[in-house]
Amino acid sequence: MKIVYFSWVRERVGRPGEEVELPEGVATVQDLIGWLSARGEGYADAFANRGVVRAALDRRHVPPDSPLAGAREVAFFPPMTGG
Amino acid sequence: MTPVLSVQREDFDVAAELDALAVSAGDVGAVASFVGLCRSEGGRLAGLELEHYPGMAEAEIERVVAEAASRFDLLGATVIHRFGLLQPGERIVLVATAAGHRGAALEATTFIMDFLKTRAPFWKREHLQGGGLGPWVEASTTDALAERRWE
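Protein chains in written order, with the numbering used here: chain A, 1 to 83; chain B, 1001 to 1151.
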């Protein structure tokens, strides 16, 4: 699965994106955040405040309990500040 | 109605875009618009850098405009959002709508702007006067509340 990061989530993680092989038991966006957070300090820092970071699956906003099955690209980013 | 939607680095010509909306259909009686500009915040900022999620930014703008078209009687809509480093005074975004009467055009323009703020994947970062990077701009609760009033 492809993961992409934006804004300060990208900076804290330290890369714009990556390909990952999802381990057993990682079924939802929330599971993925938990798994990523355990991968290192940058990831832990990026997802430290669980309520803040937003997610999109295949370029649509989704809530944290959304299943990952069938999605090709997941994105993590802070609340948007465009306009 | 086929909206004109663009996510681009380049500036845009407001008058030309409004003229295009006005002539797009003979029944247009009102064109309303909003132009968002980069502020200096009292001289503190050298500019704002806008990062976006290519692909999703366009898709999300399209979804917001489609929702506006289903709520209001629109004859046309144009949304242009820029990315990259912008200096104070530069245009960031144009939202314009055309309708038979002013009510639909004015309301639809506000609706699109309110939802773009909270749903379109763009993030602003401050560049400080005198050099150096400032913080990422924080999302405002006013924007979240502005979206909720349409529920």
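Derived from the structure by calculation, the hints contain no laboratory data.
It is possible that some hints are incorrect.
[Said to hold, decoys possible] Taking lysine to any residue and the SDA-like style, the derived pairs with C-alpha atoms no more than 25 Å apart in a straight line are:
#, chain 1, residue 1, chain 2, residue 2
1, A, K2, B, R1063
2, A, K2, B, E1147
3, A, K2, B, H1101
4, A, K2, B, E1051
5, A, K2, B, G1055
6, A, K2, A, G51
7, A, K2, B, P1054
8, A, K2, A, E18
9, A, K2, B, G1026
10, A, K2, A, A38
11, A, K2, A, A71
12, A, K2, B, A1022
13, A, K2, B, L1128
Worksheet item: Looking back at the hints listed earlier, which ones does the structure fail to meet?
Response: Numbers 2, 3, 9, 12, 13 - these are the hints that the structure violates, sorted from lowest upward.
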